[in-house]
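Engineer: Residues per chain, in single letters:
There are 2 protein chains.
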Amino acid sequence: MSMVPKSHPRYKSLLNRGKVVEAFESGILAKGGLIAHGRGETYDYLIGEKTPKAAEEAIKASAAMLLLAKNPVISVNGNSIALAKDELIDLATELNGKIEVNLFYRTTEREQKIKEFFEKNESNNENYKNNKIILLGIDDANKQMPNVDHLRGKVSEAGIYTADVVLVPLEDGDRAEALVEMGKQVIAIDLNPLSRTAQKSTITIVDELTRCIPLLTEEIINLKQKNLSNNELKQISEFDNKKALNKVLKLISDNITTE
Amino acid sequence: MSMVPKSHPRYKSLLNRGKVVEAFESGILAKGGLIAHGRGETYDYLIGEKTPKAAEEAIKASAAMLLLAKNPVISVNGNSIALAKDELIDLATELNGKIEVNLFYRTTEREQKIKEFFEKNESNNENYKNNKIILLGIDDANKQMPNVDHLRGKVSEAGIYTADVVLVPLEDGDRAEALVEMGKQVIAIDLNPLSRTAQKSTITIVDELTRCIPLLTEEIINLKQKNLSNNELKQISEFDNKKALNKVLKLISDNITTE
Numbered sequence: 008m009s010m011v012p013k014s015h016p017r018y019k020s021l022l023n024r025g026k027v028v029e030a031f032e033s034g035i036l037a038k039g040g041l042i043a044h045g046r047g048e049t050y051d052y053l054i055g056e057k058t059p060k061a062a063e064e065a066i067k068a069s070a071a072m073l074l075l076a077k078n079p080v081i082s083v084n085g086n087s088i089a090l091a092k093d094e095l096i097d098l099a100t101e102l103n104g105k106i107e108v109n110l111f112y113r114t115t116e117r118e119q120k121i122k123e124f125f126e127k128n129e130s131n132n133e134n135y136k137n138n139k140i141i142l143l144g145i146d147d148a149n150k151q152m153p154n155v156d157h158l159r160g161k162v163s164e165a166g167i168y169t170a171d172v173v174l175v176p177l178e179d180g181d182r183a184e185a186l187v188e189m190g191k192q193v194i195a196i197d198l199n200p201l202s203r204t205a206q207k208s209t210i211t212i213v214d215e216l217t218r219c220i221p222l223l224t225e226e227i228i229n230l231k232q233k234n235l236s237n238n239e240l241k242q243i244s245e246f247d248n249k250k251a252l253n254k255v256l257k258l259i260s261d262n263i264t265t266e
Numbered sequence: 008m009s010m011v012p013k014s015h016p017r018y019k020s021l022l023n024r025g026k027v028v029e030a031f032e033s034g035i036l037a038k039g040g041l042i043a044h045g046r047g048e049t050y051d052y053l054i055g056e057k058t059p060k061a062a063e064e065a066i067k068a069s070a071a072m073l074l075l076a077k078n079p080v081i082s083v084n085g086n087s088i089a090l091a092k093d094e095l096i097d098l099a100t101e102l103n104g105k106i107e108v109n110l111f112y113r114t115t116e117r118e119q120k121i122k123e124f125f126e127k128n129e130s131n132n133e134n135y136k137n138n139k140i141i142l143l144g145i146d147d148a149n150k151q152m153p154n155v156d157h158l159r160g161k162v163s164e165a166g167i168y169t170a171d172v173v174l175v176p177l178e179d180g181d182r183a184e185a186l187v188e189m190g191k192q193v194i195a196i197d198l199n200p201l202s203r204t205a206q207k208s209t210i211t212i213v214d215e216l217t218r219c220i221p222l223l224t225e226e227i228i229n230l231k232q233k234n235l236s237n238n239e240l241k242q243i244s245e246f247d248n249k250k251a252l253n254k255v256l257k258l259i260s261d262n263i264t265t266e
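Same order as they appear, the protein sequences are chains A and B. Heads up, the first sequence is in the working numbering, so the first residue is 8 and it goes up one at a time. Heads up, the second sequence is in the working numbering, so the first residue is 8 and it goes up one at a time.
Same shape as in the complex, but just chain A (with noise of 0.2 Å):
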């Protein structure tokens, strides 16, 4: 991992794949995480590697949303903290600071390294310490979603459950759509424009998750500073899903057929 020099054209992706490869070495990430990581870079590299325009129109309104929201929680499983923890606990500082842990394959083990993993706080993230942020989803996780496996539908009251607003970076189908069948607004973060998350969610972010968090959080900062009413934040979280899915599946097309 500190092998790769930065001037290596690939050199971030190489970066995140040794994050992946470390999380799943620490029992952060199980197995499938991996295999779901490797997915997740051949998107990327079809979109060129770089945040679309549809992705960065998504961050817009997804900050709108956020800020309108009551009760927002982040959804946070094996890969998305092993990519971007940093980048998640500072977003959630700009929100209500929950942020709650989601496993594909929950077991206890992985629950505590997760929860080590947030204390330890190797990186020294100065927003986790100074307590702005609420790990749900560990202790808590004591009510069920509708429609989802027993132990993957287990969710906070605190968190999810009463959410209106849940971002998911790195969800699967299964449970982003039962998030939207509960009646909240779900905000998917997912390089995959065909998937069944990016397909059911409210607001599809079609980006790598370290490139689009820091925008979404810088957004936020953004909007915040503009002092804007409620209707007006309504206006600029409108969003045409399908339509901005399409734009990104074109680009990758564009991106691939052109010599």
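Don't take each hint at face value.
Which copy is meant is left open, so a pair is good if it fits within one copy or across any two.
As the list claims (entries may be wrong) - Result set (BS3-like, lysine-lysine): computed pairs, CA atoms no more than 27 Å apart in a straight line:
| hint | residue 1 | residue 2 |
| --- | --- | --- |
| 1 | Lys257 | Lys60 |
| 2 | Lys60 | Lys13 |
| 3 | Lys19 | Lys207 |
| 4 | Lys38 | Lys19 |
| 5 | Lys257 | Lys57 |
| 6 | Lys136 | Lys254 |
| 7 | Lys127 | Lys38 |
| 8 | Lys257 | Lys139 |
| 9 | Lys38 | Lys26 |
| 10 | Lys57 | Lys254 |
I should point out that these hints are in silico values taken from the structure, not numbers from a laboratory.
For this one, chain A is given, so just place chain B on it according to the hints.
Structural biologist: Leaving out everything else, chain B in the frame of chain A:
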């Protein structure tokens, strides 16, 4: 793995995923191999999880090229063995039996695990048991490929070093390119039509391994029965790789932009 019902629309894909996880657990596959499998999954999904027409044509040309070869060698790595060991053995049996192990992350432990995996032969492959296979590259990798890192460039003299045609399923770009520079004809099997391996090889079969290897074996048997002259085989082996790759890119583009 055994819990996936056969009726599942992506049964084969999930079965293959199970195979690579199993190979990882038994030490045959490296962590990087899990991520690489994920990248392949995405491309297979994008081509529609079936053999493209361009791949069928590539398979025909490859069959003729392999029959014309004086010393054809099948290069295998952790992923290709994990997915299609038996299919590769059946293919080698129709040629000179030569399979060479060529690992990206070469360790003595992995070499031995792979040797055992062939010898244990749980799947009871008759062709392996009947000694029709010559497993190279483990005890005899004493030659060095030019322009490739030391460990990754170790090859067998009787195998890749003197081969005129090398079949490289799931090869990395560096090595595929080095093989071409050594003057060999390289037949790649690679789901990513944009990869350096795909672009640099003599013939690239853009298809999933467990689907296309049996088709290639069948085509070789088919051509053998026709008793063709070398000139006739030569004609069949002619192939415009660039054109074929562009056809696959067009297919992906159509798949993702057609509603």
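Engineer: For Lys257 vs Lys60, is the C-alpha pair at or below 27 Å within one copy, between two copies, both, or neither?
Structural biologist: Both ways: Lys257 and Lys60 sit 12 Å apart in one copy and 23 Å across, limit 27 Å.
Engineer: Should Lys38 paired with Lys19 be assigned to within, between, both, or neither, using CA atoms and 27 Å as the limit?
Structural biologist: Both ways: Lys38 and Lys19 sit 22 Å apart in one copy and 19 Å across, limit 27 Å.
Engineer: For Lys60 and Lys13, with the copy left unspecified, which applies at a CA distance of at most 27 Å: within, between, both, or neither?
Structural biologist: Close inside one copy (26 Å), not across copies (40 Å); limit 27 Å.
Engineer: Quick one: Lys38 to Lys26, C-alpha cut-off 27 Å, is that within a copy, between copies, both, or neither?
Structural biologist: Close inside one copy (14 Å) and across copies (12 Å); limit 27 Å.
Engineer: Within a copy, between copies, both or neither: where do Lys57 and Lys254 come within 27 Å Cα-Cα?
Structural biologist: For Lys57 and Lys254, both the intra-copy (15 Å) and inter-copy (26 Å) Cα distances are at most 27 Å.
Engineer: Using 27 Å as the alpha-carbon threshold, which applies to Lys19 and Lys207: within, between, both, or neither?
Structural biologist: between (29 Å within a copy, 25 Å between copies)
Engineer: Between copies, within a copy, both or neither: which fits Lys127 and Lys38 at Cα up to 27 Å?
Structural biologist: both (23 Å within a copy, 25 Å between copies)
Engineer: Measure nothing new, just compare the shortest in-copy and cross-copy C-alpha distances for Lys136 and Lys254 to 27 Å and report within, between, both or neither.
Structural biologist: neither (40 Å within a copy, 54 Å between copies)
Engineer: Should Lys257 paired with Lys139 be assigned to within, between, both, or neither, using CA atoms and 27 Å as the limit?
Structural biologist: Answer is neither; intra-copy 40 Å and inter-copy 50 Å both fail.
Engineer: Taking 27 Å as the upper bound on the Cα-Cα distance, should Lys257 and Lys57 be classified as within, between, both, or neither?
Structural biologist: both (15 Å within a copy, 22 Å between copies)
Consistency with the previously given hints fails for numbers 6 and 8, ordered from lowest to highest.
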